[in-house]
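Novice: Residue numbers are given in our numbering: position 315 of the first sequence equals residue 315, and the series is strictly consecutive.
Errors might be hidden in some of the hints.
Quick list of simulated restraints, FRET-style, between CB atoms [as the list claims (entries may be wrong)]: (1) Pro272 to Thr74: 21 to 31 angstroms; (2) Glu336 to Glu110: 45 to 55 angstroms; (3) Lys208 to Glu110: 12 to 22 angstroms.
Straight-line Cα separation of at most 30 angstroms, DSS-like style, residue types lysine-lysine; simulated pairs [unchecked claim]: (4) Lys332 to Lys267; (5) Lys124 to Lys324; (6) Lys324 to Lys286; (7) Lys267 to Lys145; (8) Lys52 to Lys5; (9) Lys267 to Lys304; (10) Lys62 to Lys105; (11) Lys62 to Lys18; (12) Lys130 to Lys265; (13) Lys304 to Lys208; (14) Lys32 to Lys18; (15) Lys304 to Lys124; (16) Lys257 to Lys124; (17) Lys171 to Lys374; (18) Lys105 to Lys130; (19) Lys279 to Lys304; (20) Lys145 to Lys130; (21) Lys130 to Lys107.
Keep in mind the hints are simulated off the structure, nothing from the lab. Cβ atoms here follow ideal geometry from the backbone N, Cα and C, with glycine treated the same way.
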Amino acid sequence: MALVKISQILEGKCTEQKVTVRGWVYRKREGKALIFLVIRDSTGVIQSTIKKDSPCWNDAQKLTIESSLILTGTAREDTRAPGGFEIGAEAIETVGLAENFPISKDKSEEFIRDMRHLWLRSRKMNLVMKVRAEVLEAAREYFKKQTFTEVSPPMFISAAVEGGSTLFALKYFEQELYLTQSSQLYLEILMYSLENVYCIAPSFRAEKSRTIRHLTEYWHMEGEWAFADMNDLMAFEEGLMAHICQTVAAKCEKEFKELGADIEKVKAVKTPFPRITYKEAIQRLKPKNPALDWGADLGYEDEKVLAEDFGKPFFVYDYPTAIKAFYCKTYKDHPEVAMSVDMMVPRIGEISTGGAREDNKDLLIQRMKEQGLKPEDYEWYLDLRRYGTVPHVGFGMGLERLLVWMLDLENIIDAIPFPRTTRRFYP
RNA sequence: GCCGCCGUUGCACAGCCCGGUAGUGCAACUGACUGUUAAUCAGUAGGUCAAAGGUUCGAGUCCUUUCGGCGGCGCCA
1 MALVKISQIL
11 EGKCTEQKVT
21 VRGWVYRKRE
31 GKALIFLVIR
41 DSTGVIQSTI
51 KKDSPCWNDA
61 QKLTIESSLI
71 LTGTAREDTR
81 APGGFEIGAE
91 AIETVGLAEN
101 FPISKDKSEE
111 FIRDMRHLWL
121 RSRKMNLVMK
131 VRAEVLEAAR
141 EYFKKQTFTE
151 VSPPMFISAA
161 VEGGSTLFAL
171 KYFEQELYLT
181 QSSQLYLEIL
191 MYSLENVYCI
201 APSFRAEKSR
211 TIRHLTEYWH
221 MEGEWAFADM
231 NDLMAFEEGL
241 MAHICQTVAA
251 KCEKEFKELG
261 ADIEKVKAVK
271 TPFPRITYKE
281 AIQRLKPKNP
291 ALDWGADLGY
301 EDEKVLAEDF
311 GKPFFVYDYP
321 TAIKAFYCKT
331 YKDHPEVAMS
341 VDMMVPRIGE
351 ISTGGAREDN
361 KDLLIQRMKE
371 QGLKPEDYEW
381 YLDLRRYGTV
391 PHVGFGMGLE
401 RLLVWMLDLE
411 NIIDAIPFPR
421 TTRRFYP
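Kindly generate the complete structure, drawing on both the sequences and the hints.
Specialist: Pasting the structure below:
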């Protein structure tokens with residue numbers, strides 16, 4: 001008798017062997033002389049059959065949906081069983097008898113969200129979380145291969161990275177602090193020691209966005225490196241994206257299939273990505289949106305039009321300086337253009353923003369003042385330009401947005417186990 | 001921030017336009033059924049119709065306000 005995972009049985013590795021599985025009751029179908037228990041564990045679901053004359057008949061009868069159990073029986077191939085394999089049960093040890101489980105086949109979005117702590121047991125969430133873990137692993141693999149060092153930036157911060165209006169303020173003893181919106185500025189500090197640095201950490205934004213692609217707490221994959229330019233940046237970003245897509249497509253074929261996600265789209269992600277300038281984007285969009293002139297930010301609708309044209313990830317770069325953050329480096333001969341780049345994907349729009357950082361102290365101060373920021377709030381940031389400044393670039397990619405695109409999810413809340421939106425933060 | 005939609009039993013919904021006894025399915029409970037695929041069949045029980053106010057002989061239904069939820073745009077990753 002061997003303790004096995006359900007996936008091993010489904011792969012045909014235990015056929016005609018006596019096995020023990022540990023898990024939970026996923027479905028129960030009861031007849032007069034036959035009970036079907038569908039058992040789930042972390043690796044999959046399998047049906048087990050209990051006959052009336054079996055010593056575990058009484059135990060099986062008492063079991064309820066989501067009860068935990070240890071079940072022993074003979075694994076066999078049977079075309080009548082969903083999945084093609086089943087366990088003929090011989091012994092059942094009930095570990096935790098479940099009360100009437102609130103989630104049934106009839107469920108609304110709203111109810112599922114209220115029951116998040118239980119819904120995470122669903123096949124869908126189980127599969128999404130596995131793919132999420134693979135994306136994280138693949139990302140780390142790529143950063144490491146490119147000689148980046150993973151660092152740990154703070155979540156409590158004293159000054160804004162983006163506009164102050166989207167900051168979460170909180171009481172920190174007797175003072176006011178904020179939750180970080182991006183770790184970029186801290187990566188820049190560490191870059192002066194480690195050169196190539198990255199982090200995978202949460203970012204918090206108090207945007208009252210009501211869309212399927214916004215969270216107030218999301219996971220941000222950010223990188224920053226010294227002695228690099230816009231070409232290096234785009235090459236790195238597309239390399240990262242392609243590596244994640246290729247790795248995940250290779251490892252998660254089963255998950256994509258069960259989720260009904262289009263794996264071919266992910267397999268097709270290869271370098272190089274199409275690159276167009278902001279100016280070219282405006283020209284392309286002009287026929288459809290005549291009101292769009294140079295200087296205006298691209299709206300979500302504009303991004304969607306571009307993205308559908310390409311049908312795959314692509315870059316838009318060289319945006320007007322006026323619509324970009326204070327730290328964006330500008331072109332010497334064209335200060336109205338900033339070295340900024342967005343990666344976009346169909347349906348979602350932006351999944352990443354990056355660019356060259358202003359490395360000249362005086363220009364940086366000037367940009368701060370233009371945007372109404374006080375340079376004295378950023379003394380430490382200015383110090384970075386005082387002591388051995390270097391040209392450098394960086395970017396941030398939204399992990400959940402990436403997952404929404406990869407897995408064709410209907411809403412970003414399903415890309416993270418415990419979503420925080422403007423209205424929801426339970427459990 | 002602007003706009004739209006929704007709230008009826010544990011869950012999913014109908015009833016609202018056109019006011020007149022609160023309905024169906026799932027789950028629960030009782031029973032039937034040798035292979036089911038979130039089975040099927042018979043039965044039982046389950047309701048402050050989100051809240052408050054108004055109109056009316058009479059409001060789940062019409063009006064007003066509030067609360068809660070979802071989404072579109074804006075903002076962004």
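Novice: So, for every hint listed, does it hold in this structure?
Specialist: Hint-by-hint comparison with the structure:
1. Pro272 to Thr74: 21 to 31 angstroms: 54 angstroms, violated
2. Glu336 to Glu110: 45 to 55 angstroms: 47 angstroms, holds
3. Lys208 to Glu110: 12 to 22 angstroms: 19 angstroms, holds
4. Lys332 to Lys267: 40 angstroms, violated
5. Lys124 to Lys324: 38 angstroms, violated
6. Lys324 to Lys286: 21 angstroms, holds
7. Lys267 to Lys145: 21 angstroms, holds
8. Lys52 to Lys5: Given that 30 angstroms is the threshold and the Cα spacing comes to 26 angstroms, the pair holds.
9. Lys267 to Lys304: Since the Cα atoms of Lys267 and Lys304 sit roughly 21 angstroms apart, the hinted pair holds (cutoff 30 angstroms).
10. Lys62 to Lys105: 21 angstroms, holds
11. Lys62 to Lys18: OK: Lys62 and Lys18 at ~23 angstroms, within 30 angstroms.
12. Lys130 to Lys265: 19 angstroms, holds
13. Lys304 to Lys208: 21 angstroms, holds
14. Lys32 to Lys18: 26 angstroms, holds
15. Lys304 to Lys124: 27 angstroms, holds
16. Lys257 to Lys124: 11 angstroms, holds
17. Lys171 to Lys374: 22 angstroms, holds
18. Lys105 to Lys130: Answer holds: Lys105 to Lys130 is near 23 angstroms, not above 30 angstroms.
19. Lys279 to Lys304: Distance of about 17 angstroms is within 30 angstroms: holds.
20. Lys145 to Lys130: The hint holds at about 23 angstroms.
21. Lys130 to Lys107: 24 angstroms, holds
Checked against the numbered hints given earlier, this structure breaks hints 1, 4 and 5; the rest are met.
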